[in-house]
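Peer 1: As a plain string of letters, each chain reads:
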Amino acid sequence: MKYYVKIALFFVVFIAIGSILAALILFNKKHPDTAKVKPDFVLTATVLQKDFENNETAASSKYINKILEVTGTIVSVTAADSTNTNISLKTGNEMSSVICTFHKLADTSRFIPGNEISLRGECSGFLMDVLLNNCSIIIKKE
Amino acid sequence: MKRFSVLFFLLFVVTAINAQKYMTKNGYIGFFSHTAMEDIKGDNNQVASVLDITTGELVFQVLIKSFHFDRALMEEHFNENYMESDKFPKSSFKGKITNLSSIDFSKSGIYDVSVDGDLTIRDATNKITTKGQIEVKNGELTATSKFNISPEDYKISIPSVVKDKINKNLEVTVTMKYAPVAGK
Chain L
1 MKYYVKIALF
11 FVVFIAIGSI
21 LAALILFNKK
31 HPDTAKVKPD
41 FVLTATVLQK
51 DFENNETAAS
61 SKYINKILEV
71 TGTIVSVTAA
81 DSTNTNISLK
91 TGNEMSSVIC
101 TFHKLADTSR
111 FIPGNEISLR
121 GECSGFLMDV
131 LLNNCSIIIK
141 KE
Chain F
143 MKRFSVLFFL
153 LFVVTAINAQ
163 KYMTKNGYIG
173 FFSHTAMEDI
183 KGDNNQVASV
193 LDITTGELVF
203 QVLIKSFHFD
213 RALMEEHFNE
223 NYMESDKFPK
233 SSFKGKITNL
243 SSIDFSKSGI
253 YDVSVDGDLT
263 IRDATNKITT
273 KGQIEVKNGE
283 LTATSKFNIS
293 PEDYKISIPS
303 VVKDKINKNL
313 EVTVTMKYAP
323 VAGK
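If you read the protein sequences in the order shown, they are chains L and F. Counting in our numbering, the first sequence runs from 1 upward without gaps. Counting in our numbering, the second sequence runs from 143 upward without gaps.
Here chain L stands alone, though its shape is the one from the complex (with noise of 0.2 Å):
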C-alpha cells in the first residue's frame, strides 16, 4: 500500500515541478534572436515594397510576422533613441522605403547611406513603408 502512496506521490511532484517549470519557461520567453533563426523569406528592399504597394492585403498575409532576410541600401540611419536605430532602405519609390528598427545596434558609425547590407527582422506590416522590427545584421560570409 504505502509504496503505491510513494509512487503517485512521485509523480504528483513531479507534474508540480514540470508545470511550474513550464509556467517559468513562457512567462521568461524571448524574443527570437533574428540572426540565429532561420528567415522564412529571402528577399530584396525593392521586391518588398513592392509587394507591399502592389497589393498590401496578399502582401499582409504573405509576410506579417514572418522573419524577413532583407538586402538592400541604406538611405538613412536614424538614432531613434539611445538604444533604438532606424535604418531605411533604398526601393523602387522614392516616397516608399523599408524601415528597420534595431533594439541594441552597437556601432552605428559603419552605417553610411549608399552602402548596401543584408538585415533580418520580423515583418510588422506597412504603414507609408515596409516595417520590419527586432532586426539584426547579416553578416554574409564570402
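Worth flagging that the hints you see were computed from the coordinates, not collected in a lab. This structure is a prediction, so every number in the text was calculated from the model and none was measured.
In silico DSS-like pairs for lysine-lysine, Cα to Cα no more than 25 Å straight-line:
1) F:Lys229 / L:Lys50
2) L:Lys62 / F:Lys232
3) L:Lys66 / F:Lys229
4) F:Lys232 / L:Lys50
Only part of the chain F face toward chain L is listed, based on derived beta-carbon distances under 8 Å:
5) Gln188
6) Ser208
7) His210
Just so it is clear, CB atoms sit at the ideal spot from N, CA and C, and this is done for glycine as well.
The hints should help you fit chain F onto chain L, whose structure is shown.
Peer 2: Frame of chain L; chain F shown alone:
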C-alpha cells in the same frame, strides 16, 4: 529684367506655400502603466506623422505590431488578447493645433501647443484634447506631448485576473522629430 523678378517672386511664393508640410516616419510613441504589481512599457519607433504648419493639421499613423515590450510574452498578450492587432493593425490620430497663431515657425524657440482631434484605437474613436510643446530649431521641428488615455474608452477589456496589473490610466508619451517635405 522686371518680368524675371516678378516670375522669380511668384515661384518663390508658390514654393514657400508648398513647403509648409513637415513629416517623420521615425516618430516615437510609448505608453506606460504603473501598478504595485507590475510596470508595463511599450515603445514604438516607427510612427508616421505629417504636420501642416499653414493649417495646423496634424496626422499620426501607428502600426500596433511595432510596439516593442521587453518581455516577449507581454508583447504577445498585447497583440493577441488586448489589441487583436491581426484584426485592427493600425491606430491613428487626426487633429489640429488649436493655438496655431501663437507659434512662429520661422523663429527658433519652444512653443506650448494645444491639440484637438480624433484618436482611433481598434474600432473606437474618441475626441481628445492634449497639450504639448514644439521646438523650432535649424529648420526642424520637435514635437513632444504627454497625456493619459483609458483602455476602457477604446473597448479594450481587461480580464479581472489581471485587473491589478494594468493601470486604468495609461500614460502616453509622444516624441516626434519632423523635417520639412520638399515643395514641388
